[in-house]
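Engineer: Below are the chains, spelled out letter by letter.
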Amino acid sequence: MGQQLPSGLFKRLVSRRHVLASSALGVGVPAAMLGLRGTGQAAAEVPAQRAAGATHRITMYAEAIAGTNMIGYGLAPGQATVPGPILEMYEGDTMEITLVNTTDKRLSIHPHGVDYTVENDGAPLNGSFNNPGETRTYVWKSREMFQAEGRRWMPGSAGYWHYHDHAMGNDHGTAGLIRGLYGALIVRRRGDILPRRQYTVVFNGTQINNRLAPNTPMFEANLGERVEWLVIAHGEFFHTFHLHAHRWADNRTGMLEGPTDPSQVIDNKDINPGSSFGFQVLAGEGVGPGVWMYHCHVQNHSDGGMVGLFLVRNADGSMPAGAQEAIDRFNGHVHTPAAAPAQAQPHVHG
Amino acid sequence: MGQQLPSGLFKRLVSRRHVLASSALGVGVPAAMLGLRGTGQAAAEVPAQRAAGATHRITMYAEAIAGTNMIGYGLAPGQATVPGPILEMYEGDTMEITLVNTTDKRLSIHPHGVDYTVENDGAPLNGSFNNPGETRTYVWKSREMFQAEGRRWMPGSAGYWHYHDHAMGNDHGTAGLIRGLYGALIVRRRGDILPRRQYTVVFNGTQINNRLAPNTPMFEANLGERVEWLVIAHGEFFHTFHLHAHRWADNRTGMLEGPTDPSQVIDNKDINPGSSFGFQVLAGEGVGPGVWMYHCHVQNHSDGGMVGLFLVRNADGSMPAGAQEAIDRFNGHVHTPAAAPAQAQPHVHG
Amino acid sequence: MGQQLPSGLFKRLVSRRHVLASSALGVGVPAAMLGLRGTGQAAAEVPAQRAAGATHRITMYAEAIAGTNMIGYGLAPGQATVPGPILEMYEGDTMEITLVNTTDKRLSIHPHGVDYTVENDGAPLNGSFNNPGETRTYVWKSREMFQAEGRRWMPGSAGYWHYHDHAMGNDHGTAGLIRGLYGALIVRRRGDILPRRQYTVVFNGTQINNRLAPNTPMFEANLGERVEWLVIAHGEFFHTFHLHAHRWADNRTGMLEGPTDPSQVIDNKDINPGSSFGFQVLAGEGVGPGVWMYHCHVQNHSDGGMVGLFLVRNADGSMPAGAQEAIDRFNGHVHTPAAAPAQAQPHVHG
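Protein chains in written order, with the UniProt record's numbering: chain E, 1 to 350; chain S, 1 to 350; chain X, 1 to 350.
Keep in mind that the hints were calculated from the coordinates and are not lab data.
Mixed in with the good hints, there may be bad ones.
Identical chains share a label here; the pair holds if one copy fits it or two copies do between them.
As the list claims (entries may be wrong) - Capping the alpha-carbon separation at 25 Å, the derived lysine to aspartate or glutamate pairs in DMTMM-like fashion look like this:
id	residue 1	residue 2
1	Lys-105	Asp-328
2	Lys-105	Glu-149
3	Lys-141	Glu-91
4	Lys-105	Glu-63
5	Lys-105	Glu-325
6	Lys-141	Glu-96
7	Lys-141	Glu-285
8	Lys-141	Glu-225
9	Lys-105	Glu-134
10	Lys-105	Asp-192
11	Lys-141	Glu-119
12	Lys-141	Asp-328
13	Lys-141	Asp-115
14	Lys-141	Asp-192
15	Lys-105	Glu-119
For reference, chain E alone in the conformation it holds in the complex:
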């Protein structure tokens, strides 16, 4: 990979070897392995040398999370989180996921954006799932763009994707999704800029990462750090994701290809069930450090608690003036649903 990246970027990546694996508010997920990136507070190491078309072999555990009604994916026993770990690869890579079902329910793992045969669909339609207690391996492939007839190109796999259960409760995994069986999947194109930190935001039903404010994740960065937001939705509702004081291009990377890139620049985007997008911003760039809200901009959703915080610390990692007060205000706040109650999240017994 070092060969595909400018040497400056390569050095920056090497310097990330020691990263935070902890996370605020209990919503982080463990740092991942080869070709994967940690999540929550800081990006994990990216190996300096990686062959084109690498195969990443990982084991994922679907398990109940003690003390909650949630079921999550994790990279080791006892490490399941909601959302699950960020899985990451380059176009051309293959990922082999051995999924261990530690629950007493049928479940699976179904990815968006990558290639898989019917056996690896993760859908009951194709008999592709784990029975209770069963272990099964799913293979996902990816590829680069290639030229079609004429001047156009069939797209490659690069994108901000996601994975989720497609088998618990019914044929579409509705029960598994409600319980928390979802996570982010990134396929990068060679040369893509890598972030310093990554955050996963899943609008699931009328919650964020199966939590409501003030228990939603507080994401942190130091001023100027490049951070990557991964936004996914599941469930029955439409949403719009809004981030205060930052904006991005509505395209594959969130950045512009140059002055003739026609992409609209936005700070609020529709995110409806089964969709995902991602973007990178420089934390606090042009606006300074402080505490910024991210929230669903549907009013009765934000009023009901679909809101979290993005804490941009000073460049040296210290707390900016007023930040703690804002956090305290947020934590002490009573989130008031609008007068018209949000439609109840259906409870599906798997």
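Put chains S and X on the given structure of chain E with help from the hints.
Structural biologist: Same frame as chain E, but now just chains S and X:
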């Protein structure tokens, strides 16, 4: 048109002279005529020679479909289908549609994306509709992009559009839409790649093409064939269209213009009332033959039956291993609405 | 600014010095000042000379609108409108808004798309709001794109944005939005084409600009004039904006950068709470003068009155044949909600 296309493509088109006009599950529509393309299972012939700025004159019949509560558009008496036939032209062409209203209700045909005067609006606001039993001709024009002041261009008509009733029941055609008066309209730019097969998927209310699984259309192709998906929505609900194991660029063609095309690549897209999009994929490319689901990814919509099948046969047209079992599973499946019932589709008496 | 624009365009702008400030149906807003543009029926003057990185200092008054339950923003006492005035600047400019709160409620002004420090957030989270009767200055900055690591560019501020209250009633301004505290904000890139007229359409709850047909705005232009549409949504519902007989590219400007611009061309677009977009069309281009509907394409929304008129006069400003009849039809029309009632707009007591 042969002059605009690579000769290889031209030859491929000529070889399509004998095409299937039948369709699976009764949801296909008849092959169309000059400048139109068949739908359902295979693309109809495209004439080898076609003048720029051609005028296509067709007669459409709006009529009740026996044995159902549906009303559809058709290109000949007794051939009305839901959705109606795919109408297709090149930028610069004109389409003159003589609409015969065989029903006892006021109705019209209103297109998206093309040019029409107020007399051809298809809207009661402009007195543009067919009374019961009346015949009326509507003229739609199209055009290429042209340079605006400065370096930008005003867009041409090319796109994956649609047409629908705008007069039955009330001023917006709500009753006609519920009954099935809708279809796809394609305006191509010269040089666009032509598909081998075309499928129309209309998310109307909480149904697909006014049907629920397992009675939704099963679309078929042979491995590697270029197929074109036309996706439209009507009614009162938001939806997301998801296709398993295939993806496309979120832009005009679904393909990339090259490595600097910034378009996001997706496999799940918002499709809300009055909108449409289209894309082309190579059936089973990178994933192999088999049975793949397409469905609304709003969970209580898919659970309630907004799901259909995409059968990718082996390259020689034979059934791939396991495909029949998947189809049988689908047909025998009880589609279970989520615990929280979907909002009822309003029933409008036209 | 003249230096950035072709001289022909510059001359055209200068010729606009005398413009209409009145508006049809009482929904227009006053012509604005330096770097701002009038709205409603015609674009206001744009100063011939404007330094790069100008600072625009304006005073905005939040006040109740007599005889209604609405509260609006205005550029002078007694001039508040719903929506508020269009605020406009070039990338690099700063806007200093001194907001006078003439009401007995807490409120603020929160912008999308531009840069602001936590003190200027307009959000109670950061203690950034006006108490009843209080005056407070908010500073918004903007910037041009700049190169990121590698070949990509971090986006600038240019876009069709909006501003709104974020403090009345609760922490998200839900009560202020319901009452009408919202407006359009445009940040232009140097060289962008300027329109002749501008229209603001806000889908708020199930209303347009807090009105239902036939009291929704009728926008007017002469045949061939370049007009700019600014579309915003707030509230609890999803919508799609449809304009008859006109279309635009789904990108930053609504125009194409040239033949390889991949943008989809559309005439119907999702517009959900907190989002905004804009585009320019030539009034009646290719279709002629007449009365065209714009409406939400969600059927029970249009049926319930989310529809307005776009009157394209003859090039000399006279009424086209049939236009008055269509207007009369519209005004006399009984707008019938669909059988299934739209969800009630929550009433929040601020």
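Engineer: Each hint needs a verdict: does it hold in this structure or not?
Structural biologist: Hint-by-hint comparison with the structure:
no.: 1; hint: Lys-105 - Asp-328; verdict: between (40 Å within a copy, 24 Å between copies)
no.: 2; hint: Lys-105 - Glu-149; verdict: neither (46 Å within a copy, 46 Å between copies)
no.: 3; hint: Lys-141 - Glu-91; verdict: within (9 Å within a copy, 38 Å between copies)
no.: 4; hint: Lys-105 - Glu-63; verdict: within (10 Å within a copy, 49 Å between copies)
no.: 5; hint: Lys-105 - Glu-325; verdict: between (44 Å within a copy, 23 Å between copies)
no.: 6; hint: Lys-141 - Glu-96; verdict: within (9 Å within a copy, 48 Å between copies)
no.: 7; hint: Lys-141 - Glu-285; verdict: between (36 Å within a copy, 12 Å between copies)
no.: 8; hint: Lys-141 - Glu-225; verdict: between (31 Å within a copy, 21 Å between copies)
no.: 9; hint: Lys-105 - Glu-134; verdict: within (10 Å within a copy, 58 Å between copies)
no.: 10; hint: Lys-105 - Asp-192; verdict: neither (39 Å within a copy, 48 Å between copies)
no.: 11; hint: Lys-141 - Glu-119; verdict: within (13 Å within a copy, 48 Å between copies)
no.: 12; hint: Lys-141 - Asp-328; verdict: neither (45 Å within a copy, 28 Å between copies)
no.: 13; hint: Lys-141 - Asp-115; verdict: within (5 Å within a copy, 41 Å between copies)
no.: 14; hint: Lys-141 - Asp-192; verdict: within (19 Å within a copy, 29 Å between copies)
no.: 15; hint: Lys-105 - Glu-119; verdict: within (20 Å within a copy, 50 Å between copies)
The structure is inconsistent with the numbered hints 2, 10, 12, although it conforms to all the rest.
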